[in-house]
Structures are given as structure tokens and as C-alpha cells.
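*Asks:* If you're matching them up, the sequences are chains L and X in order.
Take the first sequence: its letter number 69 is residue 69 in my numbering, and every next letter is one higher.
Take the second sequence: its letter number 115 is residue 115 in my numbering, and every next letter is one higher.
There may be inaccurate statements among the hints.
[To be verified] Chain L side only, calculated, beta carbon under 7 Å to chain X, not exhaustive:
1. A15
2. V138
3. T141
[Unchecked claim] So the derived list for chain L, only partly shown, Cβ under 7 Å to chain X, looks like this:
4. D41
5. V68
6. I113
7. V150
[Unchecked claim] Computed spacing ranges between beta-carbons, pair by pair:
8. L/Y109 to X/P96: 50 to 60 Å
9. L/F35 to X/S60: 19 to 29 Å
10. L/I57 to X/R79: 20 to 30 Å
Keep in mind that the hints were calculated from the coordinates and are not lab data.
Nothing here was measured: the structure is a model prediction, and the numbers come from that model.
Ideal Cβ placement from N, Cα and C applies to all residues, glycine included.
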Amino acid sequence: MTDAKTPKGEWRYRAYFRLMDASLFFWIVLIIDTFVSPYDDPDTFPVWYAVHGEVTIFFCLFVSLFLVFARFMRDDYAEGLRKRTFVLLGYGAVVGPIFINIGSWVIYYTTLILNEPGASLDGTVPQRAPDYIRWLLVNETTVDVVLGGVSQVFLGSFIAIFRFLRWKDSR
Amino acid sequence: MNDTWSDQKRLTEGRLRYRLYFWLMDASLVGVVIFFASVLFQAATGLEFFGLPPMLGLVSGVVLMALIFLIPLILIIGRPLRDEYAEILWRRTIAPLVVIMSTSPLLYIVIGWTLYAAQIDPKSSAALAWLYEQQSGFEAISGAWALLNMLFVAIFQFLRWRDSR
Numbered sequence: 001m002t003d004a005k006t007p008k009g010e011w012r013y014r015a016y017f018r019l020m021d022a023s024l025f026f027w028i029v030l031i032i033d034t035f036v037s038p039y040d041d042p043d044t045f046p047v048w049y050a051v052h053g054e055v056t057i058f059f060c061l062f063v064s065l066f067l068v069f070a071r072f073m074r075d076d077y078a079e080g081l082r083k084r085t086f087v088l089l090g091y092g093a094v095v096g097p098i099f100i101n102i103g104s105w106v107i108y109y110t111t112l113i114l115n116e117p118g119a120s121l122d123g124t125v126p127q128r129a130p131d132y133i134r135w136l137l138v139n140e141t142t143v144d145v146v147l148g149g150v151s152q153v154f155l156g157s158f159i160a161i162f163r164f165l166r167w168k169d170s171r
Numbered sequence: 001m002n003d004t005w006s007d008q009k010r011l012t013e014g015r016l017r018y019r020l021y022f023w024l025m026d027a028s029l030v031g032v033v034i035f036f037a038s039v040l041f042q043a044a045t046g047l048e049f050f051g052l053p054p055m056l057g058l059v060s061g062v063v064l065m066a067l068i069f070l071i072p073l074i075l076i077i078g079r080p081l082r083d084e085y086a087e088i089l090w091r092r093t094i095a096p097l098v099v100i101m102s103t104s105p106l107l108y109i110v111i112g113w114t115l116y117a118a119q120i121d122p123k124s125s126a127a128l129a130w131l132y133e134q135q136s137g138f139e140a141i142s143g144a145w146a147l148l149n150m151l152f153v154a155i156f157q158f159l160r161w162r163d164s165r
């Protein structure tokens with residue numbers, strides 16, 4: 001991750017990669033934070049945690065989005081990387097949901113059969129189903145949250161795939 | 001002689017394959033147009049599938065699902081079906097697609113803030129209420145996926161049409 005070839009040229013070309021690195025860092029922070037958040041209630045956030053949240057959102061939403069658009073900050077190499085990233089994103093965006101959906105049904109029926117032998121497989125959600133399966137099968141989410149999630153997945157994947165391709169090139 | 005013949009055969013097959021790609025693309029576009037027409041029709045009159053009788057509605061629904069789910073999937077993944085021109089079009093299609101999918105929530109945030117500033121409850125407006133409908137994650141993922149497929153077909157055909165002018 002450290003040894004990537006530093007592109008020569010104007011500062012804005014180098015800044016593009018620096019911003020990309022920073023975004024990736026905050027994406028990792030965001031993902032870790034999703035799973036092990038030290039605080040749950042917004043009313044009891046200490047100041048540093050609130051600031052950390054703002055900075056993370058700034059990088060994961062606005063900087064990532066900016067990096068998708070910022071053609072003037074990409075040199076030829078970065079533009080080529082962007083195109084290769086988009087190709088992978090295109091395939092991933094179509095194949096990913098199929099695996100998520102099929103996978104969730106498989107997990108769902110496996111947990112159902114393991115937990116409650118002889119249960120009727122009529123599509124009712126078992127009480128002991130894991131939380132992520134409940135989210136997939138029960139009407140608990142709204143369209144606006146979904147739209148936000150879709151964009152987050154795209155932006156996060158863009159940063160991650162771009163960085164991965166650059167790392168692979170540098171080896 | 002034999003070689004020439006098999007070359008010829010391969011070439012013809014290739015052409016068929018490549019032409020098939022555009023035929024499927026056209027069929028899918030028809031499906032997308034009918035789908036949106038039926039959504040608009042339902043919004044206007046409250047009748048599903050243009051008020052067709054149940055059996056006919058079911059059959060046309062299944063055909064429509066194939067046209068807007070299955071065929072775009074084949075069209076996006078099916079690299080062997082694309083000749084060089086189609087492959088370039090594919091790449092040009094993906095760029096706006098990714099941009100749209102990553103920008104759409106920003107649009108939503110702006111709408112939300114505007115409504116908040118104007119002190120309007122978005123749930124009171126029929127045009128916006130669908131944003132706040134409860135869904136399961138499964139439905140949500142499938143919906144976003146279908147949207148992506150249909151956008152792909154629409155953008156691809158638009159670029160193709162613009163090229164042909």
C-alpha cells in the first residue's frame with residue numbers, strides 16, 4: 001500500500017492520489033465504526049466522536065463523489081485506472097445483488113432448518129434469524145435509505161477498486 | 001479449403017452473435033418502455049398492467065420481467081456477445097451509469113433539505129411518499145438492481161441512437 005509509484009507531474013495529479021488514499025482510510029474507519037461503534041446515542045457523543053463522524057462523512061460522501069467527477073485532477077494514467085475501475089464496477093453492480101439475494105435466501109433457509117427442524121418453509125421469518133437476515137426479509141427499511149445505501153456502495157467500491165488496481169499495477 | 005470454410009462459418013456465427021446482442025437490446029428497450037408506461041398508467045388510473053384480465057396480465061408480467069431483469073443481465077455480463085463497437089458503447093454506458101447511481105442520494109438529500117426548509121412533510125405528497133415506503137432489504141436491493149439494468153439499456157440505446165445520426 002505504501003510503495004505505489006508516485007506519479008510525476010503537477011500537484012493536482014498527485015493530490016488526486018493523496019485524496020484517494022485519505023478517502024480509503026476513512027472508508028475503512030467507517031466500516032470499522034459500523035461494526036464496533038463505541039457510542040450509540042447521539043445525545044451522549046463526546047465532541048471528538050462527533051467531529052470524527054463529520055470528517056468521516058465528509059470524506060466518504062463528498063470527497064469520494066468529487067473524486068469520481070474530478071477529470072481535471074486525473075492524468076492519463078489515473079484516467080485509465082478510472083475507466084478500468086468503472087468496468088469492474090459495472091460487472092460488480094450487476095452480479096453483486098444476485099449473490100447477495102441468493103446468499104441471503106440460502107442462509108435464511110439454513111438457519112430456519114437448523115434452528116427449527118420441521119418448520120414450514122412458507123417464507124415467515126424465524127424469530128431466531130440473525131439481524132442481517134431480518135433486515136433483508138422484513139419491511140423495515142425505506143426507499144430513501146436504500147438510495148443512500150446504493151450510492152454509498154458505489155462510492156466505496158469505486159475508491160476500493162481504484163486503489164486495488166493501482167496497488168496491483170505498482171507490484 | 002476446409003480452413004476457409006470453417007473461417008467463414010466462424011465469421012457468420014460471430015455476426016449472428018453480435019447481431020443478437022442488438023436484437024436483445026432492442027427487445028429490452030421495448031420492455032423498459034412498456035414497464036414505465038404501465039407505471040404511469042397505474043399512477044393515473046390505479047389499474048395494474050393496463051387493466052388486462054388477470055391471466056393475460058400475469059403472462060405479460062412474466063414476459064416483461066424477462067425483458068427488464070433477465071435480458072439486461074445477459075447484455076451486461078455477456079462479453080462474448082459484444083463486438084468491438086458494442087464493447088466501446090458498453091464502456092461509454094457504464095460511466096454515466098456509475099455517476100447516476102452514486103449521485104442520486106445527493107439529489108435526495110437536497111430534496112429532503114429543501115422540504116425541511118419549506119416545512120413540508122414529504123409523506124403528505126404522493127409524488128414523494130414512495131421514498132418513505134417501508135420495504136424489505138430484499139425488495140430494496142432487487143429494485144435498485146432493476147433500476148440499474150433498465151438505466152443501462154436506456155443509456156446504451158441513447159448513445160447508439162446518437163452515434164447513428
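*Asks:* Min Cβ distance, L/V68 to chain X: is it shorter than 7 Å?
*Replies:* Hint on L/V68: holds, closest Cβ of chain X at ~6 Å, below 7 Å.
*Asks:* So, as I understand it, the hint says L/A15 touches chain X; can you test that by seeing if any CB pair is closer than 7 Å?
*Replies:* 21 Å, violated
*Asks:* Taking the closest Cβ pair, is L/T141 under 7 Å from chain X?
*Replies:* 6 Å, holds
*Asks:* Okay, L/Y109 versus X/P96 on CB: inside 50 to 60 Å?
*Replies:* 38 Å, violated
*Asks:* Is it true that L/I57 and X/R79 lie within 20 to 30 Å of each other by Cβ?
*Replies:* At 37 Å between Cβs, range violated.
*Asks:* Hint says 19 to 29 Å; check whether the CB-CB distance for L/F35 and X/S60 agrees.
*Replies:* The hinted range 19 to 29 Å is violated for L/F35 and X/S60, with Cβ atoms some 45 Å apart.
*Asks:* Is the shortest C-beta separation between L/V150 and chain X less than 7 Å?
*Replies:* 5 Å, holds
*Asks:* Taking the least C-beta to C-beta distance, is L/I113 closer than 7 Å to chain X?
*Replies:* 19 Å, violated
*Asks:* So, as I understand it, the hint says L/D41 touches chain X; can you test that by seeing if any CB pair is closer than 7 Å?
*Replies:* Result: violated, 22 Å to nearest chain X Cβ.
*Asks:* Is the interface hint satisfied for L/V138? The criterion is a beta-carbon contact with chain X at less than 7 Å.
*Replies:* Since chain X brings a Cβ to about 6 Å from L/V138, closer than 7 Å, the hint holds.
Comparing the model with each numbered hint stated earlier shows that hints 1, 4, 6, 8, 9 and 10 do not hold.
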